[in-house]
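Novice: Each chain, letter by letter, is given below.
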Amino acid sequence: MREALLAAAIVAIATAASVLLRDTLAPTNLAMIYLGGVVAVAMLCSSRVSVAASFLSVAAFDFFCVPPHLTFAVTDYQYVFTLAGMLAVALVISTQTGRLRDHAAQAAVREARTEALYRLSSRLAGETRVFEAARSAASLAEEVFGARVAVFLPEDGRISFRRRTSDLLPVPPSEESIAQWVFDHGHKAGLRTGSHPGATALYVPLRGAHETFGVLAVLPDVVANVESRIFAPEQQQLLEVFASQTALAIERTLSQRAAEETRVHMQTEQMRSSLLSAVSHDLRTPLASITGAASTLRSQGGRLPLETQRELLESITDEAERLGRLVGNLLDMTRFESGPVELRRDLYPLEEIVGTALQRMEPQLTGRLVSTELAENLPLVFVDDVLIGQVLWNLLENAVKYTPPGSPLGLAAFEEHGAVMIEVRDRGPGVPPGEEERIFQKFYRAKSDNARGAGLGLPICRAIVEAHRGTIRALPREGGGATFRISLPVESA
Amino acid sequence: MKPLILLIEDDAQIRRFLRAALAAEDYRLQEAVTAEEGLAQAAARQPDLILLDLGLPDRDGLEVIQKVREWGKIPILVLSARGQEKDKIAALDLGADDYVAKPFAVGELLARIRATLRRSTATAAGTVIRFGAVDVDLDKRVVRVEGQEVHLTPNEYKLLQVLIQHTGKVLTQRQLLNEVWGPQHTEQAQYLRVYIAQLRRKLERNPARPKHLQTEPGVGYRLVTEDPA
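If you're matching them up, the sequences are chains L and V in order.
For the first sequence, our numbering begins at 1 and goes up steadily by one.
For the second sequence, our numbering begins at 1 and goes up steadily by one.
Be a bit skeptical, because a hint or two may be false.
Stated by the list, open to error - Only part of the chain V face toward chain L is listed, based on derived beta-carbon distances under 7 Å: (1) Ala90; (2) Ala101; (3) Gly107; (4) Ala111; (5) Ala115; (6) Gln190; (7) Arg193; (8) Ala197; (9) Pro207; (10) Arg209; (11) Gln214; (12) Thr215.
What the hints assert, rightly or not - So the derived label-pair ranges between C-beta atoms look like this: (13) Arg16/V / Glu314/L: 36 to 46 Å; (14) Leu4/V / Ala288/L: 33 to 43 Å; (15) Ala111/V / Pro405/L: 24 to 34 Å.
Hints in this document: simulated from the structure, not taken from any laboratory.
Small disclaimer: the values here were computed from a predicted structure and weren't measured.
A virtual CB, placed ideally from N, CA and C, is assigned to each residue, including glycine.
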């Protein structure tokens, strides 16, 4: 209506100009003024209106500018050609300009649509959870369609208005059944559709390749022109593409999660089986020796030479100790894995912790030269003394286990870059190159490991040191051998 | 007469080997399986030493220590599980004399029993105590290392004196702080550690590998005057 008035006004202006100029210009030239008006109308209004304006212009030209004035009659027959030509040109201008404008408008719509879908896919690409993906899509849809939008997700196959991305959508609970129908059938329903056209909202299914993941509910804003925009065919189409893109993103999220779960599950399984095989082997071997030695002593003890009896007894105690250590390590590992380690930290002179570890190792250190180089004026370390002592003890025990009997060991501590470094050094074969990190993995045994370790000592050390926000590494030692370096940040209580 | 030991332990296998080991040393043995029974036996028989397992079926072993301490000074040696420092400290603070962590070798247990019995029967110790290269003259308050007099601050000397009074026995940080600095300082374990470190530097040949001033990790300290058997 507004367009029609505008067109009429433009024709009126053209007429006024023509009437003023009709004494100076030939009528054929006045036609140009009208054509100018038609161009203006065609650019500003729809093609229907500009076609109408073309006829109106020709009529006005005839009435006001073609003599005799103020009648539609034409005295000079050449003006019939002028009128026909003018009408033809005006109509061509109207339709072509309109088409051009439609093209531009369509291009703009396509561009907006492409942009909306691009934003949707880039926003959804980062989402790893279904609910988050649905929420992103809903909030983007609100921007793009200028409407209020929420996504309803199913719980056990039932669409529930409780599981939704936004609480701001005022849809009555009675429409849950419409949403359910949409979910079950994969067709849209609700406001201005074939089914339930009187509903508050329009319900669009989020349909993926194989199943429907939820329902997108669109509630047009009350402002009339926005509402009408949503229901324009190209917007409806965009809405459907939007919904299916969202469904695909959800589908991708779900399959990613399934893949991740499978991966974790497989890893856990693998861990469990390697744990079981390592543990059962390590528990059975000493048990077998104990059982064997003890039963030998019981049934044949009297007939065995005293020396043999003594050896059997020794192997029983040795193996029992080994079993005890293994069980202790397993218990520790379980403790460290069941959650963050609870540290009972306090400030200690490092000397004391080192001294305790050496004291505990004393029986195994006989025949070895053990040098201790603790730097003067080391700061007190803020640690759990029992656990750090256990780390040192483990490292020393490894050093004894993996180096030739009688080879020297070293324990050193110094301060460097705001951290206290503690090193356990040996002159053994060293850690095989490339295995420096792997030896800290659970149940990993170096290929050259003949000492029958359970592969738990170093992982426990690392767990303890990392709980103190420190690091532990294996380094090759200059002149041969291995250095295990612990770095503990200097902290105050 | 040989000392009488009361063993309060619910596990039959452990009772069995302890019975054999203690009999071989000629100790007289009384066995109890529950805390109730143990308390009754302790009151009736007045043993020379109680070997107490902390994990008893009827009552917490710590309660047994508390009850026994209410009426007597019978030495108590606790058998505790590995890693339960909290229990050990609680037992010691309640008045237990020492502990042995399970699993233990019998030799270690017998040494602890001997040391505990010796402390309980010892009359006033001699005035000069000797361990390693260290001589401590308690009368003159003079400490010598390899014959050379070493200067100790008053607190260092007091700490050493407390450790000497309880030679061989583990003392918790709380007990040491209480005896040296007084009851209001029992939470300041850092003091203690610094003083122990200083004592070690003055008395031990290699302070990083102390032979005499030993740490019981997570529990406390012990002065060892003899070389380990």
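Novice: So, for every hint listed, does it hold in this structure?
Specialist: Hints, one by one, checked against the model:
no.: 1; hint: Ala90; result: violated (14 Å)
no.: 2; hint: Ala101; result: violated (11 Å)
no.: 3; hint: Gly107; result: violated (10 Å)
no.: 4; hint: Ala111; result: violated (14 Å)
no.: 5; hint: Ala115; result: violated (17 Å)
no.: 6; hint: Gln190; result: holds (5 Å)
no.: 7; hint: Arg193; result: holds (6 Å)
no.: 8; hint: Ala197; result: holds (4 Å)
no.: 9; hint: Pro207; result: holds (6 Å)
no.: 10; hint: Arg209; result: holds (5 Å)
no.: 11; hint: Gln214; result: holds (6 Å)
no.: 12; hint: Thr215; result: holds (4 Å)
no.: 13; hint: Arg16/V / Glu314/L: 36 to 46 Å; result: violated (21 Å)
no.: 14; hint: Leu4/V / Ala288/L: 33 to 43 Å; result: holds (41 Å)
no.: 15; hint: Ala111/V / Pro405/L: 24 to 34 Å; result: holds (27 Å)
Of the numbered hints given earlier, the model fails hints 1, 2, 3, 4, 5, 13; all others are met.
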